[in-house]
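Here is what each chain is made of, one letter per residue.
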Amino acid sequence: MIELQNVCRIFTVGDQQVTALRDINLRLDAGEYISIMGPSGSGKSTMLNMLGLLDRPTSGTYLLDGGNVTDLNDEQQARVRREKIGFVFQSFHLVPRLTAAQNVELPMILAGIPAEERKARVQVLMQNYGLSDRADHKPDQLSGGQRQRVAIARATVMNPTVLLADEPTGNLDRTTGWEVLKLLEGLLEQGITLVVVTHDAEIGARAQRRIHMLDGRIVSDEQRTK
Amino acid sequence: MKLADTFQFAFGSLRGSPTRTLLMMLAMSIGVAAVVVLTALGEGARRYVVNQFSTLGTNLVIVLPGRTETAGIGPGLMSGQTPRDITLDDAQALLRSRAIKRIAPLTVGSAALSRGALNREVVVLGSTSDLLEVRHMSIGIGKFLPAGDINDGLSVCVLGNQMKQELFGNEQAVGQWVRLGDRRFRVIGVLASQGESMGMRTDELVIIPVASAHQLFNTSSLFRILVEAKSRDYIEQAKHDAEEIMVQRHSGERDVTVITQDAVLATFDRILTTLTMAVGGIAAISLAVAGVLIMNVMLIAVAQRVKEIGLLKALGAPGKQIRMLFFAEAALLSTAGSVAGLVLGYAGSMIIGQIYPTLPVSPPWWAVLAACFTALGTGILFSVWPARRAAKLDPVAALAGR
Ligand SMILES: Nc1ncnc2c1ncn2[C@@H]1O[C@H](COP(=O)(O)OP(=O)(O)OP(=O)(O)O)[C@@H](O)[C@H]1O
Ligand SMILES: [Mg+2]
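Residue numbers (the UniProt record's numbering), protein chains in the order written: chain A, 1 to 226; chain B, 1 to 402.
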């Protein structure tokens with residue numbers, strides 16, 4: 001479904017060049033559960049941003065469903081992000097002035113979905129994630145776990161095919177972290193492709209496919225045998 | 001993203017930072033209010049002058065001794081040689097024209113007016129019964145000058161309202177005698193109070209028959225002749241006829257100036273409209289200043305909202321959409337600022353109107369429209385740069401708050 005071919009990403013800071021991704025070749029299939037692990041600075045986040053079309057490769061090709069995405073213009077890429085990709089961030093990234101429900105509604109507003117349908121979908125999702133009684137609360141009135149649940153609701157409200165989570169449990173305590181992870185894993189049943197970047201070996205081990213990165217390279221890519 | 005949603009979202013972000021929003025609205029509204037108030041003043045001055053002219057009389061043509069090339073104000077003053085006088089016969093001859101309805105010859109001088117021990121210097125106006133109609137005066141008590149032979153030097157006078165008050169107080173004035181110079185006049189009427197009109201206070205006048213005035217001032221020449229044309233359409237004809245008749249009577253010499261009130265009025269109108277526009281333009285500069293302020297504050301807003309912009313991009317908003325959001329904010333701000341400015345401006349105009357009741361202050365519609373469009377225009381124009389900057393943000397860096 002997603003294929004990276006010889007992807008490099010080089011950052012230029014002043015007159016220094018930092019290579020975050022070196023010659024990455026990666027294929028993700030629909031419905032896969034993938035964890036990406038590796039030491040700090042190994043390029044995990046850069047890889048995730050690349051997969052989420054938030055970043056463009058310095059060289060190499062990104063194929064989505066066989067089509068070259070690197071050639072798409074800003075508006076077309078935004079459309080792909082809107083319709084196929086969901087993001088979950090370590091620091092939640094909720095809009096502080098919007099309520100939980102409004103934060104979940106946001107992607108649908110951007111997609112131009114009519115208000116009635118938005119309301120209905122938000123309500124269903126909030127119920128599923130146990131957030132119904134928190135719908136009208138602002139993010140700063142929510143606990144970390146609740147915030148991340150809102151963020152996951154927001155990431156899935158457009159029914160994306162891929163969900164990219166960058167250390168989704170990084171800012172949560174163990175118990176809450178596990179709850180959030182269970183929620184994410186639940187999405188696999190709906191056929192979503194789940195990519196989780198994590199420092200936690202225990203969490204990383206849960207994925208069927210475990211990718212290890214070091215210094216911008218994929219050093220191991222293990223598939224758990226069933 | 002739907003347009004309505006765009007505006008609603010923009011409204012939300014404006015409400016999210018009320019201080020910033022109020023500040024920008026204030027700047028905008030002060031600019032709009034300045035335009036409204038200043039043009040209202042200019043327009044008030046224009047209307048004041050126009051009103052003053054119309055109190056002078058309608059369809060008025062004025063014949064003055066002397067000749068100037070420019071048909072402006074104060075003719076006769078520039079020309080070096082003494083022009084030939086205009087006489088009462090000249091005035092009466094004007095009635096030969098079919099375009100002329102009536103005339104009122106005018107002689108002006110000053111004399112000492114006294115009654116018993118009371119004594120003061122007054123402006124004396126010599127004219128005929130038609131002056132009442134031609135100059136749109138109205139009589140308060142008694143009668144105006146009687147119609148009859150223009151050469152009859154009757155010893156009657158009409159007092160301005162204030163003159164009557166000074167000499168008689170609350171006593172009955174009509175029928176009483178006053179002394180003007182060395183001659184006694186009987187008061188036959190008192191003018192209704194009119195206030196000021198073109199710098200001449202009719203309230204302080206004394207009006208006597210023109211022949212009596214000539215005797216009093218020992219002259220036979222007229223200060224000017226007021227001519228009323230039959231209607232608006234006859235003004236040019238009346239002017240032409242008056243000129244021709246005077247040339248004929250002055251043995252072919254063009255030594256009088258005939259001006260129409262319309263021409264003078266048009267000149268004033270033009271000058272004051274230009275002035276109003278200039279003043280409005282200057283006030284509009286404050287709108288540009290407001291625009292620069294909006295730009296600055298918006299740039300700060302972009303910096304403050306970097307994370308939010310990054311998030312919107314991650315959620316699938318293209319750069320174009322981000323730009324639209326900022327434009328919508330600017331448009332909302334400008335509109336709200338304009339409305340507030342209009343309210344402020346109209347309130348200000350009304351207060352000025354209360355303080356100076358003689359000035360008919362009211363902002364002209366074109367200025368109001370221009371102010372609103374300028375506000376909207378500058379608001380959006382000056383948000384172009386911040387909006388573009390926001391749209392160009394790199395989503396990854398923006399999400400990281402860099
Ligand atoms: N915008 C940038 N400009 C310059 N260098 C960058 C930029 N983003 C990332 N890098 C560099 O690229 C490399 C990979 O960064 P990345 O954020 O992908 O690491 P990571 O594996 O996610 O680390 P962590 O576990 O700490 O989140 C690092 O050396 C980092 O310094
Ligand atoms: Mg990272």
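Among the clues, some could well be false.
[Unchecked claim] In the EDC-like style, the derived pairs of lysine to aspartate or glutamate whose C-alpha atoms are separated by at most 16 angstroms in a straight line are:
1. B:320 / A:116
2. B:392 / A:75
3. B:2 / A:136
4. B:143 / B:130
5. B:2 / A:29
6. B:101 / B:130
7. B:101 / B:233
8. A:119 / A:136
9. B:101 / B:5
10. A:84 / A:65
11. A:119 / B:5
12. B:320 / A:75
13. B:320 / B:394
14. A:84 / A:136
15. B:392 / A:136
16. A:182 / A:117
17. B:101 / B:85
18. B:230 / B:203
19. B:230 / B:121
20. B:307 / B:233
21. B:320 / B:5
[Said to hold, decoys possible] Covered stretches of chain A, as calculated for chain B (at least 3 residues, CB under 8 angstroms):
22. 44-57
23. 62-70
24. 102-112
25. 131-138
Worth flagging that the hints you see were computed from the coordinates, not collected in a lab.
Glycine included, each C-beta is placed from N, C-alpha and C at the ideal position.
Note to self: Can you confirm whether the C-alpha distance between residue 392 of chain B and residue 136 of chain A stays at or below 16 angstroms?
What the structure shows: violated (32 angstroms)
Note to self: Run the distance test for residue 230 of chain B versus residue 203 of chain B: straight-line Cα separation, threshold 16 angstroms.
What the structure shows: violated (28 angstroms)
Next item on the list: Starting from residue 320 of chain B, check that the Cα of residue 75 of chain A is at most 16 angstroms away, please.
Entry: The hint holds at about 8 angstroms.
Checklist line | 16 angstroms Cα cutoff - pair residue 101 of chain B, residue 233 of chain B | finding: With Cα atoms ~12 angstroms apart, residue 101 of chain B and residue 233 of chain B stay inside 16 angstroms; holds.
Checklist line | Satisfaction of hint between residue 5 of chain B and residue 119 of chain A, Cα-Cα up to 16 angstroms | finding: Answer holds: residue 119 of chain A to residue 5 of chain B is near 14 angstroms, not above 16 angstroms.
Notebook entry, point to check: Holds or violated: are the alpha carbons of residue 84 of chain A and residue 136 of chain A at most 16 angstroms from each other?
Noted result: violated (27 angstroms)
Next item on the list: Apply the coverage criterion to the region 44-57 of chain A and chain B: a residue qualifies when its Cβ sits closer than 8 angstroms to a Cβ of the chain, and three qualifying residues are needed.
Entry: holds (count 4)
Item checked: Distance restraint between residue 320 of chain B and residue 394 of chain B, which requires alpha-carbon spacing of 16 angstroms or less -> holds (14 angstroms)
Next item on the list: Mind checking the alpha carbons of residue 392 of chain B and residue 75 of chain A for me, to see if they're no more than 16 angstroms apart?
Entry: holds (12 angstroms)
Notebook entry, point to check: Taken at face value, is the distance from the CA of residue 65 of chain A to the CA of residue 84 of chain A at most 16 angstroms?
Noted result: It holds: about 11 angstroms lies between the C-alpha atoms, which stays within 16 angstroms.
Check: Does residue 143 of chain B pair with residue 130 of chain B here, judged by a C-alpha cut-off of 16 angstroms?
Finding: Status holds; Cα separation ~12 angstroms.
Margin query: Hint check: residue 119 of chain A vs residue 136 of chain A, CA-CA at most 16 angstroms. Holds or violated?
Written below: holds (13 angstroms)
In summary, the structure is inconsistent with hints 1, 3, 5, 9, 14, 15, 16, 17, 18, 19, 20, 23, 25 from the numbered list given earlier, while agreeing with the others.
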